[in-house]
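For what it's worth, the numbering used here labels the leading residue of the sequence shown as 1, then goes sequentially.
Derived by calculation from the structure, the hints in this document are not laboratory data. Hints are supplied without guarantee of correctness; some may be wrong.
EDC-like cross-link-like pairs, simulated, lysine to aspartate or glutamate; straight-line CA separation at most 20 Å [claimed, not checked]:
1) Lys340 <-> Glu315
2) Lys561 <-> Glu549
3) Lys528 <-> Asp436
4) Lys114 <-> Asp70
5) Lys264 <-> Asp230
6) Lys362 <-> Glu339
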Amino acid sequence: MNLLLILNDQIRGMNKLLNLLFLLFTCSYCLGQAKLRKLPLTINHPSINVSAPYISLDGNSLIFVSDNADENQLTLFYATKKDAVNWRDPVMMPKTVNNRLTFLRGFALSADGKTMYLSSLKAGGLGGFDILVSQLRGTFWAEPVNMGLPINSLGQEACPSLTPDESTLYFMRCETMTQKSASGCKIMVSKKSRLGKWEEPIALPDYINTGNSQTPRILGDGETLIFSSDQFPENKGGMDLYLTRLEGSSWSHPVPLSFANTAKDDQFVSASSQGRYLLKDQAGPRTTEIVELLFPSDLKPKATVKIEGVISGLENPSSPYIAVFGQKDQKRVYNGRPEKDGTFTFFLKEGDRYELSIEPEKDNYTFYSKTYDFTTDVPVSDKVEAEIKPLTKGTTLALGIDFEANSSRLSSNSTQSLRRLSRMVKGNPDIKFLLDVTLHGYRTDSIPSDPDLTEIIIDTLHYSVSRQVVDTVKLDSLLIAINEQSALAEVQSDSSAMAIDTTFMSQIDAVRKTAFKIILVDSIAIKKTYHNNRTQAQVKNIIAFLLKEGVTAQNLSYSNKAIPESIPENRKTKVKVIVIE
(Lines of atoms letter the chains of each structure in order from A; the text may use other names.)
(Lines give C-alpha, C1' and ligand atoms only; values in the text may rest on other atoms or scores of the structure.)
Protein backbone atom coordinates (compact mmCIF):
# COMPACT_ATOMS: atom_id res chain seq x y z
CA MET A 1 0.00 0.00 0.00
CA ASN A 2 2.81 2.40 0.91
CA LEU A 3 4.50 1.55 -2.40
CA LEU A 4 1.37 2.53 -4.35
CA LEU A 5 1.19 5.85 -2.51
CA ILE A 6 4.79 6.56 -3.34
CA LEU A 7 4.20 5.76 -7.02
CA ASN A 8 1.12 8.00 -7.14
CA ASP A 9 3.09 10.85 -5.56
CA GLN A 10 5.85 10.39 -8.16
CA ILE A 11 3.33 10.39 -11.03
CA ARG A 12 1.72 13.58 -9.70
CA GLY A 13 5.18 15.13 -9.42
CA MET A 14 6.00 14.16 -13.04
CA ASN A 15 2.73 15.67 -14.25
CA LYS A 16 3.52 18.93 -12.48
CA LEU A 17 6.98 18.96 -14.05
CA LEU A 18 5.58 18.32 -17.53
CA ASN A 19 3.02 21.07 -17.08
CA LEU A 20 5.76 23.46 -15.97
CA LEU A 21 7.92 22.58 -18.97
CA PHE A 22 4.97 23.05 -21.30
CA LEU A 23 4.24 26.44 -19.72
CA LEU A 24 7.86 27.52 -20.09
CA PHE A 25 7.91 26.42 -23.73
CA THR A 26 4.65 28.23 -24.45
CA CYS A 27 5.87 31.43 -22.79
CA SER A 28 9.15 31.40 -24.67
CA TYR A 29 7.25 30.87 -27.92
CA CYS A 30 4.90 33.75 -27.15
CA LEU A 31 7.74 36.09 -26.27
CA GLY A 32 9.36 35.54 -29.67
CA GLN A 33 12.94 34.59 -30.48
CA ALA A 34 15.22 33.42 -27.68
CA LYS A 35 17.88 35.92 -26.66
CA LEU A 36 20.49 33.17 -26.42
CA ARG A 37 20.79 29.91 -28.31
CA LYS A 38 23.51 27.30 -27.98
CA LEU A 39 24.83 25.44 -30.98
CA PRO A 40 24.01 21.69 -30.83
CA LEU A 41 26.18 19.05 -29.19
CA THR A 42 27.68 18.27 -32.58
CA ILE A 43 29.64 21.51 -32.11
CA ASN A 44 29.37 22.15 -28.36
CA HIS A 45 30.67 18.91 -26.86
CA PRO A 46 30.49 19.06 -23.04
CA SER A 47 34.16 18.07 -22.61
CA ILE A 48 35.66 20.17 -25.43
CA ASN A 49 36.44 23.89 -25.54
CA VAL A 50 35.33 25.62 -28.73
CA SER A 51 35.75 29.29 -29.65
CA ALA A 52 36.20 31.96 -32.36
CA PRO A 53 33.33 30.89 -34.66
CA TYR A 54 33.22 32.21 -38.21
CA ILE A 55 30.02 31.22 -40.05
CA SER A 56 29.62 31.65 -43.79
CA LEU A 57 27.02 34.15 -44.90
CA ASP A 58 24.74 31.40 -46.23
CA GLY A 59 24.82 29.80 -42.77
CA ASN A 60 25.96 26.40 -44.07
CA SER A 61 29.67 26.36 -43.16
CA LEU A 62 31.53 27.07 -39.93
CA ILE A 63 35.18 27.31 -38.88
CA PHE A 64 36.11 27.45 -35.22
CA VAL A 65 38.95 26.72 -32.79
CA SER A 66 38.80 23.60 -30.64
CA ASP A 67 41.10 21.80 -28.18
CA ASN A 68 39.90 18.42 -29.48
CA ALA A 69 43.42 17.44 -30.55
CA ASP A 70 46.58 15.81 -29.22
CA GLU A 71 47.62 17.32 -25.90
CA ASN A 72 44.55 19.59 -26.13
CA GLN A 73 46.35 21.76 -28.67
CA LEU A 74 44.14 24.52 -30.11
CA THR A 75 43.23 23.48 -33.63
CA LEU A 76 41.02 24.69 -36.49
CA PHE A 77 37.92 22.65 -37.31
CA TYR A 78 35.47 22.92 -40.20
CA ALA A 79 31.80 21.89 -40.17
CA THR A 80 28.98 21.99 -42.71
CA LYS A 81 25.23 21.51 -42.47
CA LYS A 82 23.62 18.35 -43.80
CA ASP A 83 20.26 20.11 -44.01
CA ALA A 84 18.77 23.47 -43.07
CA VAL A 85 19.16 22.79 -39.33
CA ASN A 86 21.58 19.98 -38.47
CA TRP A 87 25.40 20.13 -38.50
CA ARG A 88 27.66 17.31 -39.58
CA ASP A 89 30.48 16.26 -37.30
CA PRO A 90 33.34 18.79 -37.47
CA VAL A 91 36.48 17.85 -39.38
CA MET A 92 40.00 18.95 -38.46
CA MET A 93 41.48 21.33 -41.03
CA PRO A 94 44.58 20.06 -42.87
CA LYS A 95 48.11 20.89 -41.76
CA THR A 96 48.49 23.33 -44.63
CA VAL A 97 46.41 25.76 -42.56
CA ASN A 98 46.59 24.06 -39.15
CA ASN A 99 50.14 24.83 -38.06
CA ARG A 100 52.15 27.02 -35.73
CA LEU A 101 52.69 29.61 -38.46
CA THR A 102 48.99 30.53 -38.61
CA PHE A 103 47.48 33.39 -36.62
CA LEU A 104 45.18 31.14 -34.68
CA ARG A 105 41.89 33.04 -34.82
CA GLY A 106 42.48 35.30 -37.82
CA PHE A 107 40.44 33.35 -40.37
CA ALA A 108 37.32 34.02 -42.43
CA LEU A 109 35.02 32.29 -44.92
CA SER A 110 33.53 33.44 -48.20
CA ALA A 111 29.76 33.81 -48.43
CA ASP A 112 29.35 30.25 -49.73
CA GLY A 113 31.91 28.75 -47.35
CA LYS A 114 34.12 27.44 -50.16
CA THR A 115 36.99 29.88 -49.75
CA MET A 116 38.99 30.36 -46.57
CA TYR A 117 41.06 33.44 -45.74
CA LEU A 118 43.73 33.16 -43.06
CA SER A 119 46.88 34.85 -41.80
CA SER A 120 50.23 33.10 -41.71
CA LEU A 121 53.99 33.49 -41.38
CA LYS A 122 54.39 31.05 -44.25
CA ALA A 123 57.64 31.51 -46.15
CA GLY A 124 57.55 33.59 -49.29
CA GLY A 125 55.44 36.36 -47.76
CA LEU A 126 56.01 40.09 -47.86
CA GLY A 127 56.59 40.80 -44.19
CA GLY A 128 55.36 39.25 -40.98
CA PHE A 129 51.89 37.71 -40.98
CA ASP A 130 50.29 37.87 -44.44
CA ILE A 131 46.74 37.12 -45.58
CA LEU A 132 46.44 33.92 -47.61
CA VAL A 133 43.59 32.26 -49.51
CA SER A 134 42.71 28.56 -49.67
CA GLN A 135 40.04 27.06 -51.94
CA LEU A 136 37.86 24.07 -51.03
CA ARG A 137 38.20 21.58 -53.90
CA GLY A 138 35.79 18.76 -53.33
CA THR A 139 36.55 17.69 -49.79
CA PHE A 140 40.14 19.00 -49.67
CA TRP A 141 41.48 22.46 -48.90
CA ALA A 142 44.09 23.57 -51.41
CA GLU A 143 47.50 24.96 -50.48
CA PRO A 144 46.99 28.57 -49.33
CA VAL A 145 48.12 31.30 -51.73
CA ASN A 146 49.44 34.71 -50.64
CA MET A 147 47.17 37.62 -51.64
CA GLY A 148 50.27 39.74 -52.33
CA LEU A 149 50.42 43.49 -52.72
CA PRO A 150 48.74 45.81 -51.97
CA ILE A 151 46.78 43.85 -49.33
CA ASN A 152 49.91 42.50 -47.66
CA SER A 153 52.85 44.70 -46.72
CA LEU A 154 56.04 44.69 -44.69
CA GLY A 155 53.79 44.88 -41.61
CA GLN A 156 51.37 42.37 -40.10
CA GLU A 157 47.98 41.66 -41.73
CA ALA A 158 45.22 39.42 -40.42
CA CYS A 159 41.48 38.91 -39.80
CA PRO A 160 40.16 39.52 -43.33
CA SER A 161 36.42 39.95 -43.92
CA LEU A 162 34.77 40.37 -47.31
CA THR A 163 31.45 41.79 -48.46
CA PRO A 164 29.09 39.22 -50.02
CA ASP A 165 30.02 40.23 -53.57
CA GLU A 166 33.74 40.00 -52.67
CA SER A 167 34.31 43.52 -53.99
CA THR A 168 35.44 45.02 -50.66
CA LEU A 169 37.92 43.59 -48.16
CA TYR A 170 38.33 44.67 -44.53
CA PHE A 171 41.32 43.51 -42.45
CA MET A 172 43.62 44.64 -39.65
CA ARG A 173 47.19 45.82 -40.05
CA CYS A 174 49.16 45.66 -36.80
CA GLU A 175 52.48 46.75 -35.36
CA THR A 176 53.08 43.46 -33.54
CA MET A 177 51.49 40.03 -33.79
CA THR A 178 52.06 36.53 -32.43
CA GLN A 179 50.16 33.33 -33.13
CA LYS A 180 47.58 34.22 -30.47
CA SER A 181 47.50 38.01 -30.08
CA ALA A 182 48.15 41.36 -31.74
CA SER A 183 48.53 45.02 -30.74
CA GLY A 184 48.79 48.47 -32.26
CA CYS A 185 46.28 47.58 -34.98
CA LYS A 186 44.30 49.58 -37.52
CA ILE A 187 41.33 48.48 -39.60
CA MET A 188 41.99 48.83 -43.33
CA VAL A 189 39.70 48.59 -46.34
CA SER A 190 40.44 47.85 -49.99
CA LYS A 191 38.13 47.76 -52.98
CA LYS A 192 38.42 45.85 -56.23
CA SER A 193 38.88 47.86 -59.40
CA ARG A 194 36.90 47.20 -62.56
CA LEU A 195 39.78 45.03 -63.70
CA GLY A 196 39.41 42.84 -60.64
CA LYS A 197 42.59 44.08 -58.92
CA TRP A 198 42.72 45.17 -55.28
CA GLU A 199 43.27 48.88 -54.79
CA GLU A 200 45.62 50.39 -52.24
CA PRO A 201 44.08 49.89 -48.77
CA ILE A 202 43.12 52.90 -46.69
CA ALA A 203 42.55 53.15 -42.94
CA LEU A 204 39.08 53.73 -41.53
CA PRO A 205 38.53 57.08 -39.72
CA ASP A 206 40.41 57.95 -36.54
CA TYR A 207 37.25 57.70 -34.43
CA ILE A 208 37.22 54.00 -35.34
CA ASN A 209 40.98 53.45 -35.36
CA THR A 210 41.69 54.81 -31.88
CA GLY A 211 44.93 52.90 -31.27
CA ASN A 212 44.15 49.20 -31.30
CA SER A 213 41.12 48.32 -33.43
CA GLN A 214 41.04 44.68 -34.46
CA THR A 215 39.09 41.78 -35.97
CA PRO A 216 36.78 43.59 -38.43
CA ARG A 217 33.63 41.70 -39.43
CA ILE A 218 31.63 43.17 -42.27
CA LEU A 219 28.14 41.69 -42.09
CA GLY A 220 25.90 40.54 -44.93
CA ASP A 221 24.33 43.93 -45.62
CA GLY A 222 27.75 45.31 -46.56
CA GLU A 223 27.25 48.33 -44.31
CA THR A 224 27.36 47.02 -40.74
CA LEU A 225 30.88 46.54 -39.38
CA ILE A 226 31.70 44.93 -36.04
CA PHE A 227 35.22 45.23 -34.62
CA SER A 228 37.01 44.94 -31.27
CA SER A 229 39.09 47.40 -29.30
CA ASP A 230 40.43 48.12 -25.82
CA GLN A 231 40.79 51.84 -26.52
CA PHE A 232 37.22 53.13 -26.00
CA PRO A 233 35.93 54.68 -22.75
CA GLU A 234 32.84 52.38 -22.57
CA ASN A 235 35.10 49.35 -22.23
CA LYS A 236 33.89 46.57 -19.88
CA GLY A 237 37.29 44.93 -19.73
CA GLY A 238 39.84 43.60 -22.21
CA MET A 239 38.82 43.73 -25.86
CA ASP A 240 35.19 44.75 -26.34
CA LEU A 241 32.99 44.63 -29.43
CA TYR A 242 31.77 47.76 -31.22
CA LEU A 243 29.48 48.44 -34.16
CA THR A 244 29.65 51.12 -36.84
CA ARG A 245 27.56 51.58 -39.99
CA LEU A 246 28.42 52.89 -43.42
CA GLU A 247 25.91 55.69 -44.08
CA GLY A 248 26.43 56.92 -47.61
CA SER A 249 30.19 57.44 -47.75
CA SER A 250 30.73 57.99 -44.01
CA TRP A 251 31.00 55.66 -41.04
CA SER A 252 28.89 56.28 -37.96
CA HIS A 253 30.55 56.68 -34.58
CA PRO A 254 31.03 53.27 -32.97
CA VAL A 255 28.64 52.03 -30.29
CA PRO A 256 29.45 49.20 -27.87
CA LEU A 257 27.71 45.84 -28.20
CA SER A 258 26.67 45.82 -24.55
CA PHE A 259 24.52 42.72 -25.04
CA ALA A 260 27.64 40.73 -26.02
CA ASN A 261 30.55 42.37 -24.14
CA THR A 262 31.89 40.87 -20.93
CA ALA A 263 34.71 41.59 -18.51
CA LYS A 264 36.96 39.31 -20.59
CA ASP A 265 38.16 39.64 -24.18
CA ASP A 266 35.32 39.69 -26.74
CA GLN A 267 36.61 39.67 -30.30
CA PHE A 268 35.97 36.86 -32.70
CA VAL A 269 32.34 36.92 -33.85
CA SER A 270 30.29 36.46 -37.02
CA ALA A 271 26.69 36.39 -38.28
CA SER A 272 24.80 34.63 -41.07
CA SER A 273 22.73 36.30 -43.77
CA GLN A 274 19.55 36.74 -41.74
CA GLY A 275 21.40 38.96 -39.29
CA ARG A 276 19.24 37.97 -36.33
CA TYR A 277 21.96 36.43 -34.17
CA LEU A 278 25.58 37.20 -33.35
CA LEU A 279 27.73 34.08 -33.15
CA LYS A 280 30.42 34.14 -30.46
CA ASP A 281 32.00 32.07 -27.73
CA GLN A 282 31.33 32.33 -24.02
CA ALA A 283 32.02 30.36 -20.87
CA GLY A 284 29.70 27.43 -20.28
CA PRO A 285 29.15 25.25 -17.19
CA ARG A 286 32.42 23.35 -17.76
CA THR A 287 33.90 24.47 -21.10
CA THR A 288 33.82 27.34 -23.55
CA GLU A 289 30.80 27.11 -25.86
CA ILE A 290 29.64 28.71 -29.09
CA VAL A 291 26.35 30.55 -28.69
CA GLU A 292 24.08 32.83 -30.69
CA LEU A 293 23.04 36.15 -29.13
CA LEU A 294 19.94 37.91 -30.44
CA PHE A 295 20.71 41.34 -31.88
CA PRO A 296 18.71 44.16 -30.25
CA SER A 297 16.38 45.75 -32.81
CA ASP A 298 18.38 49.01 -32.95
CA LEU A 299 21.62 47.17 -33.70
CA LYS A 300 20.35 44.42 -35.98
CA PRO A 301 21.93 44.48 -39.44
CA LYS A 302 19.76 44.23 -42.51
CA ALA A 303 19.00 40.68 -43.53
CA THR A 304 20.34 39.40 -46.82
CA VAL A 305 18.76 36.88 -49.16
CA LYS A 306 20.78 34.22 -50.93
CA ILE A 307 19.91 34.04 -54.63
CA GLU A 308 21.23 30.91 -56.28
CA GLY A 309 20.41 29.71 -59.74
CA VAL A 310 21.39 27.86 -62.85
CA ILE A 311 21.30 28.85 -66.53
CA SER A 312 20.37 26.32 -69.20
CA GLY A 313 19.78 26.23 -72.94
CA LEU A 314 23.21 27.46 -74.10
CA GLU A 315 26.27 25.62 -75.37
CA ASN A 316 28.32 27.81 -73.04
CA PRO A 317 26.18 28.40 -69.93
CA SER A 318 28.87 30.63 -68.41
CA SER A 319 28.59 33.24 -71.17
CA PRO A 320 25.50 35.30 -70.16
CA TYR A 321 25.76 38.56 -68.23
CA ILE A 322 24.04 38.72 -64.85
CA ALA A 323 23.03 42.07 -63.40
CA VAL A 324 20.82 43.24 -60.54
CA PHE A 325 19.48 46.79 -60.22
CA GLY A 326 17.87 48.42 -57.21
CA GLN A 327 14.56 49.85 -58.31
CA LYS A 328 14.67 52.84 -55.96
CA ASP A 329 17.61 54.50 -57.69
CA GLN A 330 18.25 52.17 -60.67
CA LYS A 331 21.80 51.57 -59.43
CA ARG A 332 23.53 48.32 -60.25
CA VAL A 333 24.03 46.28 -57.07
CA TYR A 334 25.44 43.14 -58.64
CA ASN A 335 27.27 42.34 -61.84
CA GLY A 336 28.83 39.04 -62.82
CA ARG A 337 28.78 35.86 -64.85
CA PRO A 338 27.87 32.29 -63.93
CA GLU A 339 30.31 29.45 -63.29
CA LYS A 340 31.28 27.06 -66.07
CA ASP A 341 28.28 24.86 -65.28
CA GLY A 342 25.88 27.82 -65.43
CA THR A 343 25.40 28.14 -61.67
CA PHE A 344 25.55 31.45 -59.83
CA THR A 345 25.09 32.80 -56.32
CA PHE A 346 24.77 36.31 -54.92
CA PHE A 347 23.11 38.08 -52.00
CA LEU A 348 20.57 40.91 -51.84
CA LYS A 349 19.80 42.90 -48.71
CA GLU A 350 16.40 43.75 -47.35
CA GLY A 351 14.77 47.16 -47.73
CA ASP A 352 14.59 47.48 -51.53
CA ARG A 353 12.99 46.13 -54.67
CA TYR A 354 15.33 44.53 -57.18
CA GLU A 355 15.33 43.45 -60.79
CA LEU A 356 17.47 40.50 -61.87
CA SER A 357 18.41 40.24 -65.53
CA ILE A 358 20.31 37.51 -67.38
CA GLU A 359 21.28 38.48 -70.92
CA PRO A 360 23.01 36.32 -73.53
CA GLU A 361 25.96 37.50 -75.58
CA LYS A 362 23.97 37.05 -78.80
CA ASP A 363 20.89 39.15 -79.58
CA ASN A 364 19.01 36.30 -81.23
CA TYR A 365 18.48 34.57 -77.89
CA THR A 366 15.91 35.20 -75.21
CA PHE A 367 16.79 36.92 -71.95
CA TYR A 368 15.55 36.26 -68.41
CA SER A 369 14.30 38.73 -65.83
CA LYS A 370 12.76 38.55 -62.37
CA THR A 371 11.77 41.12 -59.77
CA TYR A 372 12.08 40.87 -55.99
CA ASP A 373 10.36 42.89 -53.29
CA PHE A 374 12.33 42.71 -50.04
CA THR A 375 10.70 45.72 -48.42
CA THR A 376 8.41 43.55 -46.29
CA ASP A 377 8.85 39.77 -46.23
CA VAL A 378 12.47 38.64 -46.47
CA PRO A 379 12.99 34.93 -47.26
CA VAL A 380 16.20 33.09 -46.46
CA SER A 381 16.89 32.23 -50.10
CA ASP A 382 15.46 31.99 -53.62
CA LYS A 383 16.27 29.60 -56.44
CA VAL A 384 16.33 30.66 -60.08
CA GLU A 385 16.11 28.41 -63.13
CA ALA A 386 16.77 30.55 -66.19
CA GLU A 387 16.40 29.06 -69.67
CA ILE A 388 18.04 31.04 -72.46
CA LYS A 389 16.99 29.83 -75.91
CA PRO A 390 17.00 30.97 -79.56
CA LEU A 391 14.23 33.29 -80.76
CA THR A 392 11.79 31.26 -82.85
CA LYS A 393 8.20 31.75 -83.94
CA GLY A 394 5.93 31.46 -80.94
CA THR A 395 8.62 32.32 -78.39
CA THR A 396 6.96 34.23 -75.54
CA LEU A 397 8.78 36.33 -72.95
CA ALA A 398 7.21 37.80 -69.82
CA LEU A 399 8.51 41.32 -69.34
CA GLY A 400 9.16 43.03 -66.03
CA ILE A 401 7.35 46.19 -67.12
CA ASP A 402 4.93 47.98 -64.85
CA PHE A 403 3.16 51.31 -64.68
CA GLU A 404 2.55 54.07 -62.22
CA ALA A 405 -0.39 53.53 -59.90
CA ASN A 406 -3.77 54.24 -61.51
CA SER A 407 -2.03 55.42 -64.69
CA SER A 408 -0.84 54.33 -68.11
CA ARG A 409 2.55 56.04 -67.60
CA LEU A 410 5.55 53.73 -67.51
CA SER A 411 7.11 53.29 -64.08
CA SER A 412 10.76 54.22 -63.62
CA ASN A 413 11.21 50.66 -62.32
CA SER A 414 10.70 49.43 -65.88
CA THR A 415 13.70 51.23 -67.38
CA GLN A 416 16.04 48.23 -67.45
CA SER A 417 13.38 45.87 -68.82
CA LEU A 418 12.52 48.32 -71.59
CA ARG A 419 16.17 48.68 -72.56
CA ARG A 420 16.63 44.91 -72.69
CA LEU A 421 13.58 44.62 -74.91
CA SER A 422 14.87 47.41 -77.11
CA ARG A 423 18.25 45.71 -77.57
CA MET A 424 16.59 42.41 -78.48
CA VAL A 425 14.23 43.94 -81.04
CA LYS A 426 16.94 46.10 -82.63
CA GLY A 427 19.29 43.12 -82.75
CA ASN A 428 16.79 41.09 -84.78
CA PRO A 429 15.57 43.34 -87.63
CA ASP A 430 14.17 40.36 -89.58
CA ILE A 431 11.88 39.24 -86.76
CA LYS A 432 8.38 40.57 -86.08
CA PHE A 433 7.33 41.03 -82.47
CA LEU A 434 3.89 41.35 -80.90
CA LEU A 435 3.59 43.30 -77.67
CA ASP A 436 0.69 42.27 -75.47
CA VAL A 437 -0.65 44.04 -72.38
CA THR A 438 -3.34 42.19 -70.45
CA LEU A 439 -5.12 43.48 -67.38
CA HIS A 440 -6.20 40.74 -65.00
CA GLY A 441 -8.78 42.46 -62.83
CA TYR A 442 -11.08 44.50 -65.05
CA ARG A 443 -13.67 46.41 -63.01
CA THR A 444 -16.48 48.83 -63.78
CA ASP A 445 -18.92 51.04 -61.89
CA SER A 446 -21.54 53.68 -62.66
CA ILE A 447 -19.71 56.12 -60.40
CA PRO A 448 -15.94 56.75 -59.81
CA SER A 449 -16.02 54.71 -56.60
CA ASP A 450 -12.30 53.82 -56.66
CA PRO A 451 -9.13 55.77 -57.65
CA ASP A 452 -8.30 52.92 -60.05
CA LEU A 453 -11.40 53.63 -62.14
CA THR A 454 -9.71 56.35 -64.18
CA GLU A 455 -11.27 55.60 -67.57
CA ILE A 456 -14.78 56.53 -68.78
CA ILE A 457 -16.98 54.98 -71.44
CA ILE A 458 -19.75 57.36 -72.60
CA ASP A 459 -22.71 55.78 -74.37
CA THR A 460 -25.64 57.58 -76.11
CA LEU A 461 -28.84 55.65 -75.43
CA HIS A 462 -31.82 55.93 -77.86
CA TYR A 463 -35.23 54.85 -76.52
CA SER A 464 -38.97 55.64 -76.89
CA VAL A 465 -41.11 57.38 -74.26
CA SER A 466 -44.94 57.25 -74.22
CA ARG A 467 -46.71 60.62 -73.97
CA GLN A 468 -50.40 61.72 -73.81
CA VAL A 469 -51.26 64.37 -76.45
CA VAL A 470 -54.46 66.06 -77.69
CA ASP A 471 -56.32 64.32 -80.50
CA THR A 472 -56.78 67.30 -82.85
CA VAL A 473 -59.46 65.60 -85.00
CA LYS A 474 -61.73 65.05 -82.06
CA LEU A 475 -60.94 68.49 -80.74
CA ASP A 476 -62.04 70.06 -84.06
CA SER A 477 -65.33 68.14 -83.97
CA LEU A 478 -65.88 69.39 -80.44
CA LEU A 479 -65.37 73.01 -81.51
CA ILE A 480 -67.82 72.60 -84.41
CA ALA A 481 -70.41 71.17 -82.03
CA ILE A 482 -69.96 74.11 -79.68
CA ASN A 483 -70.46 76.63 -82.50
CA GLU A 484 -73.60 74.87 -83.70
CA GLN A 485 -75.04 74.83 -80.19
CA SER A 486 -74.43 78.53 -79.81
CA ALA A 487 -76.36 79.23 -83.04
CA LEU A 488 -79.37 77.14 -81.96
CA ALA A 489 -79.53 78.74 -78.57
CA GLU A 490 -80.15 82.12 -80.15
CA VAL A 491 -83.44 80.98 -81.94
CA GLN A 492 -84.88 78.37 -79.52
CA SER A 493 -87.29 78.95 -76.60
CA ASP A 494 -85.99 78.50 -73.12
CA SER A 495 -87.50 75.04 -72.59
CA SER A 496 -86.28 73.78 -75.98
CA ALA A 497 -82.84 75.30 -75.37
CA MET A 498 -82.60 73.52 -72.02
CA ALA A 499 -83.31 70.15 -73.60
CA ILE A 500 -80.80 70.75 -76.38
CA ASP A 501 -78.23 71.91 -73.81
CA THR A 502 -78.57 68.72 -71.83
CA THR A 503 -78.04 66.60 -74.93
CA PHE A 504 -75.15 68.76 -76.02
CA MET A 505 -73.37 68.46 -72.72
CA SER A 506 -73.59 64.70 -72.94
CA GLN A 507 -71.95 64.87 -76.38
CA ILE A 508 -69.17 67.15 -75.04
CA ASP A 509 -68.44 64.77 -72.18
CA ALA A 510 -68.15 61.88 -74.62
CA VAL A 511 -65.73 63.84 -76.85
CA ARG A 512 -63.67 65.07 -73.85
CA LYS A 513 -63.02 61.51 -72.68
CA THR A 514 -61.52 60.55 -76.01
CA ALA A 515 -59.87 63.86 -76.93
CA PHE A 516 -56.36 62.65 -75.86
CA LYS A 517 -54.21 59.88 -77.27
CA ILE A 518 -50.91 58.07 -76.32
CA ILE A 519 -47.96 58.39 -78.70
CA LEU A 520 -44.29 57.14 -78.57
CA VAL A 521 -41.60 59.84 -78.64
CA ASP A 522 -37.88 59.19 -79.44
CA SER A 523 -35.51 60.24 -76.61
CA ILE A 524 -31.73 60.34 -75.95
CA ALA A 525 -29.75 59.73 -72.68
CA ILE A 526 -26.02 59.81 -71.81
CA LYS A 527 -24.65 56.79 -69.84
CA LYS A 528 -21.22 56.90 -68.13
CA THR A 529 -19.30 53.75 -67.14
CA TYR A 530 -16.12 54.12 -65.09
CA HIS A 531 -13.46 51.39 -65.52
CA ASN A 532 -9.75 50.60 -65.16
CA ASN A 533 -8.83 49.31 -68.62
CA ARG A 534 -5.78 51.40 -69.58
CA THR A 535 -4.13 48.63 -71.58
CA GLN A 536 -4.29 50.34 -74.97
CA ALA A 537 -2.63 53.51 -73.70
CA GLN A 538 -0.10 51.40 -71.80
CA VAL A 539 1.00 49.33 -74.80
CA LYS A 540 1.24 52.50 -76.92
CA ASN A 541 3.51 54.06 -74.29
CA ILE A 542 5.78 51.02 -74.47
CA ILE A 543 5.97 51.29 -78.25
CA ALA A 544 6.68 55.03 -77.99
CA PHE A 545 9.62 54.29 -75.68
CA LEU A 546 10.99 51.65 -78.06
CA LEU A 547 10.71 53.97 -81.04
CA LYS A 548 12.73 56.61 -79.17
CA GLU A 549 15.37 53.94 -78.56
CA GLY A 550 15.67 53.40 -82.30
CA VAL A 551 13.41 50.40 -82.79
CA THR A 552 11.79 50.20 -86.25
CA ALA A 553 7.99 50.49 -86.16
CA GLN A 554 7.60 47.81 -88.84
CA ASN A 555 8.98 45.23 -86.42
CA LEU A 556 6.23 45.85 -83.89
CA SER A 557 2.53 45.22 -83.51
CA TYR A 558 0.44 45.09 -80.40
CA SER A 559 -2.61 43.67 -78.70
CA ASN A 560 -4.34 44.50 -75.45
CA LYS A 561 -7.26 43.28 -73.39
CA ALA A 562 -8.79 43.37 -69.93
CA ILE A 563 -10.42 40.44 -68.17
CA PRO A 564 -12.16 40.23 -64.78
CA GLU A 565 -10.41 38.67 -61.79
CA SER A 566 -12.31 37.89 -58.59
CA ILE A 567 -9.26 37.24 -56.38
CA PRO A 568 -7.64 40.57 -55.40
CA GLU A 569 -4.14 39.05 -55.06
CA ASN A 570 -4.24 37.98 -58.72
CA ARG A 571 -5.19 41.39 -60.06
CA LYS A 572 -2.25 42.71 -62.04
CA THR A 573 -1.20 43.97 -65.44
CA LYS A 574 1.01 41.55 -67.37
CA VAL A 575 3.22 42.52 -70.29
CA LYS A 576 4.74 40.03 -72.69
CA VAL A 577 6.38 39.95 -76.11
CA ILE A 578 5.74 37.22 -78.67
CA VAL A 579 7.73 36.33 -81.76
CA ILE A 580 5.11 36.14 -84.54
CA GLU A 581 7.29 35.67 -87.64
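- Task: Run the structure past the numbered hints and jot down the numbers of the failing ones, going up.
- Result: Violated hints: 2, 3, 4; rest satisfied.
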